[in-house]
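Asker: So you can see what is in the structure, the chains are spelled out below.
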Amino acid sequence: MDWKRRFEYWRRRYDLTDVVVWAFGLSILAVAVYGAVRSLQTTPYGWKQWLQFVLYGFSQGGVYALIALGYTLVYGILFMINFAHGEIFMFGAFGSLFVGLALQRIGFWDRYPVLSLIILFLVAMVVSSTVAVIVERVAYRPLRKAPRLVPLITAIGASFTLQYTARSFFGSGPRAYPETPILAGSVNILGIQIGKPYALTIVVSLLMMAGLYAYVQFTKTGKAMRAVAENKEVAALMGIDVDRVIVQTFILGASMAGVAAVLYSVIYIQVKFFMGFIPGIKAFTAAVLGGIGNIPGAMLGGYFLGIFESLGPALILEGLGVTAPNQLKDVIAFTMLVMVLIFRPTGILGEALAEERV
Amino acid sequence: MAMLELHNVHAYYGHIHALKGISLTVEKGEIVTLIGANGAGKTSTLRVITMLLPPTEGQVRFEGEDLTQYPTHVIVRKGIAMVPEGRGIFARLTVMENLEMGAYTRTDKKAIEEDLERVFTLFPRLKERRRQLAGTLSGGEQQMLAIGRALMARPRLLLMDEPSMGLAPILVESIFETIQQINRQGTTILLVEQNAHMALQIAHRGYVLRTGEIVLQGTAQELQANEMVQKTYLGMA
Amino acid sequence: MAPILEARKVTKRFGGLVAVNQIDFVLEEGAIASIIGPNGAGKTTFFNCITGYYVPEEGEILFQGVEIQGLRPDRITSMGIARTYQNIRLFGKMSALENVLVGMHPRLHEHWWDAVIRTPVYYREERRALQRAWELLDYMGLTEWANLPANSLPYGAQRRLEIARALASEPKLLLLDEPTAGMNPQETADMIEFIRQLRDDWNLTVLLIEHDMRVVMTISERITVLDFGQKIAEGKPEEIQRNPRVIEAYLGRGAAAGIPVG
Amino acid sequence: MSLWKRTLKLGLLGGLIAVYIALTGMPLSLSRRAVIGEFTLGHLTYLIVFAAFGYLRAAQMRKEKQASAPAILAHAAVTGLLSGLLLALLVLLGQRVDLGFIFISAKPQLYRLLTFQQANLTTGLVYLVAAGTVLGLLFALPHFLPKTFHKAVLSAVAITLVLGVFSELVQRTILKYALGSFFAYQGLKPMGALWLFVITFALSWVYFALRPYIQVQDKRSQQVLGNQPSPETRLLFTLALLAFLLVMPIVILQKDTYLLSVINLVGLYIIMGLGLNIVVGFAGLLDLGYVAFFAIGAYTVALLTSRGELGRGWDFWAALPLAILFALTAGVLLGIPVLRMRGDYLAIVTLGFGEIIRILANSDWLKPWMGGALGVLEIPKPTLFGYTLKEEYQLYYLILAGILITWLVAHRLYHSRLGRAWQAMREDEDVAEGTGIHLVTTKLLAFGFGAAFSGLSGAIFATKVGSVYPYSFNLLISINVLCLIIVGGMGSLPGVVVGAFALVGLPELLREFSEYRMLFYGVALIAMMLLRPEGFIPKKPTIYPRLLVRGASPVRAEGSKSKQ
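Residue numbers (numbering that gives the first Met the number 0), protein chains in the order written: chain A, 0 to 357; chain B, 0 to 236; chain C, 0 to 261; chain D, 0 to 563.
Among the hints, erroneous ones may be present.
As the list claims (entries may be wrong) - Listed next, with one range per pair, are the computed distances between beta-carbon atoms:
{"hint": "1", "chain 1": "A", "residue 1": "33", "chain 2": "C", "residue 2": "12", "range": "32 to 40 Å"}
{"hint": "2", "chain 1": "B", "residue 1": "176", "chain 2": "A", "residue 2": "11", "range": "36 to 44 Å"}
{"hint": "3", "chain 1": "D", "residue 1": "173", "chain 2": "A", "residue 2": "22", "range": "53 to 61 Å"}
{"hint": "4", "chain 1": "D", "residue 1": "320", "chain 2": "A", "residue 2": "33", "range": "34 to 42 Å"}
{"hint": "5", "chain 1": "D", "residue 1": "189", "chain 2": "B", "residue 2": "7", "range": "58 to 66 Å"}
{"hint": "6", "chain 1": "A", "residue 1": "22", "chain 2": "D", "residue 2": "320", "range": "24 to 32 Å"}
Read the hints as simulated data drawn from the structure, not as lab findings. Where a beta carbon is used, it is the ideal one built from N, C-alpha and C, also for glycine.
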């Protein structure tokens with residue numbers, strides 16, 4: 000009669016909602032697999048096209064990952080979602096835009112294209128950091144000890160303020176970003192043609208992330224950041240100026256966003272006041288996907304999301320006969336997020352929080 | 000002049016009046032202990048000294064200098080270190096990184112090396128485990144790390160908040176021995192303890208706190224002989 | 000007497016760390032027993048396995064002969080196990096009375112539709128709940144704080160409120176995680192007396208985690224010693240005090256000699 | 000000197016803010032709304048900064064009690080002067096450099112406005128700096144008045160200005176009979192403003208002077224029992240309020256379509272707010288995708304009742320229950336997979352769900368059934384006893400009924416076993432589970448009720464507007480609703496109403512303002528959280544009466560002490 004006892008035990012342990020969750024997850028998985036198989040059979044794409052999707056996704060994912068780092072760094076240290084981070088990204092883009100236009104006016108742009116590009120990166124980093132520092136000082140620092148929802152609301156407020164400040168300052172229409180002649184055309188990676196801006200994005204994002212990781216892991220400031228993230232009071236007792244470390248964290252995250260802003264602008268060659276919103280949400284998704292607060296997680300999440308978004312519509316939806324599958328790109332992204340969180344509730348690399356519950 | 004001097008200190012947690020006019024002194028080279036029940040204000044007193052809980056009234060003087068004007072992280076530079084309640088080690092940093100954080104304010108590389116050696120001599124276990132994440136240490140080892148980390152700041156005054164909490168009785172003895180050893184090496188110690196028995200054995204002087212006030216003070220011998228202390232804090236009927 | 004709680008070879012791992020290692024444990028109905036051991040020995044983890052917060056990788060836990068390992072905490076509480084927490088965890092912004100009312104949750108038979116249309120069931124159950132909650136607060140000496148937020152209560156009152164909340168679920172087995180932490184010897188002695196009283200008044204079985212050797216030796220009928228996740232000894236207080244392994248690993252010679260047995 | 004250093008700092012901060020305001024273009028685009036005579040809302044936007052910083056500096060110095068009265072006045076004046084100076088510098092800079100390259104509002108009209116349309120630039124700049132100095136000085140003065148006068152002056156200034164700005168509100172309602180003569184076609188007449196100031200000053204003074212006598216309360220009993228009126232007073236109050244709500248649209252608002260449409264919109268947000276308040280305020284679950292259920296309610300009604308080709312031509316009353324049911328089902332279905340997640344994870348997943356619904360509604364794939372970006376049109380108005388509720392004031396009653404029902408349900412749920420379980424879960428999820436609360440069921444109920452309320456709101460929205468578009472259901476609505484319950488006071492039902500009026504009603508009334516609405520909104524959210532994070536009307540604790548105990552209580556343990 001052992002099986003009966005087992006059955007009784009399982010019945011007590013799991014209830015209907017567990018079954019529904021699993022059924023839900025499995026059915027979506029089944030549909031996705033079916034769609035993928037059908038797509039591979041029916042669509043005319045060869046392996047080159049598929050690889051191209053992956054490379055473009057990798058590039059898009061690099062931008063997401065850079066922005067996601069800002070969310071994750073701030074979350075790691077303050078346990079708050081810096082909702083205004085997308086706008087910090089946007090201000091970086093505007094900063095580099097105006098400097099770029101000025102450089103173009105004085106002819107510097109055409110004479111020293113590489114140097115100009117480097118200047119743009121630096122300017123965007125500085126502008127983004129400045130905005131981030133102001134936001135931290137005005138909207139977050141006074142609320143260090145407030146309940147968790149409070150800084151979230153100020154973050155949303157800061158996001159609106161920044162977005163509509165940009166709108167009132169710089170106008171509601173899109174502004175053209177200076178064209179970069181050296182980034183025209185495409186390069187050949189593994190026999191696959193990919194636009195130069197995309198290639199640049201892949202390279203720069205990888206470099207920045209490696210740099211950031213090393214910084215946080217090995218420098219004194221980086222270690223102080225990790226210490227502050229764990230326990231602010233004890234960190235202060237070590238002689239660490241907690242407020243300063245927090246500001247440094249914001250600057251670090253904002254610099255990443257600044258770099259992402261230039262890469263993004265170079266690809267889309269225009270800058271708008273609400274351009275931070277969608278990448279912001281996506282990067283946030285990526286950060287959660289990887290396990291928020293976890294630096295490698297944010298990178299992984301960013302690339303994962305970028306590739307999935309680029310590959311998903313063609314791979315899954317086309318096979319299912321969905322019209323205009325590219326419109327549903329975000330649906331795929333968010334569905335994947337739900338799926339990942341169902342099976343790994345704290346993200347891909349997130350710590351199993353449950354272990355420290357009680 | 001006393002090394003540390005608190006005069007008529009008042010402090011609040013929100014609306015709770017945690018300290019109601021605490022005055023105490025710690026002389027150079029002493030071990031002074033604060034005893035009392037939970038909520039008596041022992042931890043609050045330490046938090047006031049490090050300005051984690053800025054007093055609303057009164058003075059805190061260290062080597063003649065008023066501390067109330069500084070934020071916490073500057074106080075450490077003045078020569079005060081604290082072993083916080085519940086150890087407060089950085090679980091996701093390695094043992095070595097924890098010790099480095101202890102020396103955060105210092106730039107004298109050679110002296111830091113020396114102090115590291117000193118800590119490792121005091122606690123050989125830490126040397127064996129220096130590459131390990133601090134969170135994986137056992138309770139006793141974590142306490143050693145917390146003390147070692149505080150020593151890395153080369154403090155003249157060491158504040159210790161319940162170093163025996165949660166340790167096996169067998170370890171408690173050795174921790175108290177270590178505290179005495181540190182004191183003999185020249186560090187002044189202000190010790191908060193629940194375990195009044197042990198604390199009074201190693202301390203020179205002590206203060207008894209109750210609901211935010213000092214109700215009794217004296218040398219360790221005097222306190223041990225006091226009837227009220229025996230009954231309430233030493234559990235002798 | 001029949002065992003009310005039985006653990007067989009319970010193991011709980013976190014990553015590489017074995018927090019609870021192959022623990023066998025039997026608790027007789029009506030007993031007061033303790034688990035002791037240094038911090039990080041796995042005591043609280045073992046509590047969490049019993050109350051359903053952790054799912055042990057191996058082994059079984061039986062409560063009144065029924066397997067409960069891996070069940071959700073709410074389920075286990077409904078079956079008759081209640082607990083307190085090491086660092087007091089009350090519903091801080093809710094009043095003391097509301098904390099107790101929440102504790103009664105599994106024993107109230109009122110559904111949401113009763114509340115929306117205010118059926119007789121609603122009035123009956125709410126009245127019953129309030130009455131019992133007030134009685135419980137009286138019993139624990141918390142009457143004067145009934146309508147104040149739990150986090151504004153003094154420390155000792157918070158400890159008692161936590162016990163009141165646990166009692167509200169009408170448990171058969173009460174788990175207390177360091178009930179005397181932070182109390183002076185006088186308060187501790189009161190608490191010991193109170194726990195005994197509690198057992199007799201409510202026909203409970205009580206299992207404690209304690210650090211204070213005086214408490215443990217005075218109150219326990221049986222003691223289990225854990226170290227590094229393993230059970231290193233078990234027995235009556237006198238036996239534990241004389242057990243060479245316990246003395247070597249935990250008590251130390253000095254402490255073992257100095258503890259009175261009550 | 001540290002006193003002057005702080006004055007310098009504050010003055011420059013004020014100047015920066017004034018420059019910021021100027022560069023956003025607000026002074027220019029709001030200069031069409033007169034407030035008092037020639038004085039427009041545009042002027043108000045930056046002149047108020049000078050006044051505020053003068054006032055602030057004086058307040059600081061009064062509090063620290065370090066300086067004499069003339070010194071305080073001097074500091075306040077200098078603060079205003081510095082702020083004015085900085086703004087003047089912007090004008091000067093703008094004359095030399097083309098700032099329009101970056102800032103679109105930095106154009107000659109702006110500079111002319113800032114220099115009070117003076118032909119001579121220097122004169123204009125002097126006027127500007129003088130305005131800063133005088134305002135800084137002027138608003139330091141109330142600090143030297145007795146407290147009641149001080150408060151009365153400020154509130155009179157505020158009320159006068161607000162009424163000037165919202166002159167429309169006065170002229171469209173019953174107030175026009177009382178105050179009409181003070182007003183010009185737009186804004187106040189200068190003499191009218193003066194009279195209004197005097198009247199409001201007198202009234203406020205009486206109010207502030209009498210207040211201490213009205214609110215005599217034993218501090219201790221207030222702490223324990225709150226301000227609990229007797230049941231009779233409460234019933235009376237409720238009846239009076241109901242009567243007021245019933246006659247308001249006809250008597251007070253004179254069936255004005257514009258004002259009523261604003262109020263109806265606020266009403267829809269109140270219903271949504273009451274629903275989300277259950278989810279966030281009671282149960283502590285952060286839901287950022289709440290608009291999804293609103294959309295489901297709206298689309299259900301739209302698709303079932305529309306007379307267009309997508310619709311089925313049902314009656315509104317038949318579609319309404321289905322709309323609520325669908326929203327509820329969606330809430331529960333979404334809830335099952337996501338409710339195992341905690342805090343911020345839940346936030347992003349719900350946000351994603353909201354986006355999914357909107358994108359699907361917008362997609363070409365579902366266009367044959369949902370209308371895609373073109374939406375669903377020709378949604379009929381509901382009929383009741385043969386009357387068609389087509390006017391705004393008629394729809395008002397439909398919405399009012401919705402609010403009353405949802406209010407009652409929310410209130411009753413809060414004071415029940417389920418309501419307590421929600422609160423416990425909000426305070427500490429793990430311990431709640433440990434006290435026997437089934438987390439998933441409890442969360443699902445919160446989600447379900449929230450979704451149902453939202454669905455109801457969406458259903459009414461569809462019939463009120465007559466058409467639905469995917470664009471109407473973007474993330475901003477979710478965030479709006481979340482913010483309004485937090486601004487009102489988490490978990491507080493009256494707070495929802497106040498929050499909805501403040502965050503939806505006010506901006507709607509300032510139509511020229513629409514361009515700056517979100518900016519204002521963002522600043523208001525930050526300011527609110529910094530100054531009053533518990534919201535306008537914080538949730539009051541529930542006080543449980545002591546019941547008469549039948550039978551004896553159990554033996555009191557000797558060890559338990561009753562007092563500490």
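Asker: Need the list of violated hint numbers for this structure, in ascending order.
Answerer: Per hint list: single violation, 2.
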